[in-house]
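Model the full structure from these sequences, guided by the hints.
For the sequence shown, the numbering used here gives the first residue as 103, with consecutive numbering after it.
Treat the hints as calculated values from the structure; they're not laboratory data. All the given hints hold, so there is nothing to weed out.
The calculated lysine to any residue pairs, modelled on SDA-like cross-linking and capped at a C-alpha distance of 20 Å, are:
no., residue 1, residue 2
1, Lys400, Glu383
2, Lys400, Glu142
3, Lys400, Gly327
4, Lys400, Gly362
5, Lys400, Arg363
6, Lys400, Gly416
7, Lys400, Phe144
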Amino acid sequence: MARKFRLFIYAAVTVAGVVLVASLGLPGAASTGPALVVAEYFPDRTRIWEVPAAGTQHRRLVGEVPDPRGYGLNGSVAPDGRTLAYLVWPGWDRPETGSELWVLDLGTGGGRRLGAGFDLYSVPRWRPDGQAVLLCRADYEGRRFGLVEIDLAGRERELVSAQNLAAAFPVGWDFAGRPVWVGIGPPNDIRAGGVSIRLPEGTPRDFKLAPDGRRLALRLVTPGGPSLLMVDLGSGQASPEPGQAFAWGPGPGRTRLADGRLTAGSDGRLQTLATLGEGAEPLAWDPTGRHLVVRTVKGNRQQLGLVGAAGGFGFLEFEGYPEFWGWAGGSP
103 MARKFRLFIY
113 AAVTVAGVVL
123 VASLGLPGAA
133 STGPALVVAE
143 YFPDRTRIWE
153 VPAAGTQHRR
163 LVGEVPDPRG
173 YGLNGSVAPD
183 GRTLAYLVWP
193 GWDRPETGSE
203 LWVLDLGTGG
213 GRRLGAGFDL
223 YSVPRWRPDG
233 QAVLLCRADY
243 EGRRFGLVEI
253 DLAGRERELV
263 SAQNLAAAFP
273 VGWDFAGRPV
283 WVGIGPPNDI
293 RAGGVSIRLP
303 EGTPRDFKLA
313 PDGRRLALRL
323 VTPGGPSLLM
333 VDLGSGQASP
343 EPGQAFAWGP
353 GPGRTRLADG
363 RLTAGSDGRL
373 QTLATLGEGA
383 EPLAWDPTGR
393 HLVVRTVKGN
403 RQQLGLVGAA
413 GGFGFLEFEG
423 YPEFWGWAGG
433 SP
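Laid out in structure tokens, this is it:
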């Protein structure tokens, strides 16, 4: 696969000593409330920030990883908001077969390697108890993909594998404790344990598993434009979802972007939060339901912003290219 440094493509290169993340020190105290964990990509390095939602000017640099080839990192925050798992590519083999899994303590900045040989192009997904992550081992040329669980002690086991796919993306665990992933064929399907749920024509992306693990929302890109699809993982039924972009929450509610208008609904009530225009996407509410992270894209420029539960919107300024990885202090 070619080297890439652009929207929605994640990869990483580090030099010997990924623990340089820890050696930089921690400028500032850890946040006391919900804080965004943001990766800021530069052509030669990636910075990891903790940004308090209630005081974004008091951001804290957790660490910086050298990235001379400009790949960036690919990571996610554990459910308890204390630990970060990320994939990096040390520069040998290939990014899709030779990346390493590291975990980073967001409080101390200390990191350690758990394993190697993973696919860099899929997000590490945390098990709900925060004791293991779901990853992909890939053979793109042989069209074989395996879903792997690795715990915090580095113990690994393959949960399921599949042949004749072009790509595979772990999503998480469903309500029954089954690993969920999306296989790219054709045909494209969602796989929950050994059950396959066929998807309509189009390219699936932006997978968002419900907090209770019963439904999966995704965006389906077709020649006629993108649309939203909601899949019930219990019944296997898929149905269209209104709007152009989607996020779970706050609480049991749903947040949608439709015609540039961001709305949040729960118990039949609908509230307009902000007008953002095209190229925006709601990402995730904080655990308290007070702040929503939003991504906006204009040309090659991506920005992150915060929307309050009562409305109002403000951008977060970054010098580099920012990507939201989750919430410190508890993930949604």
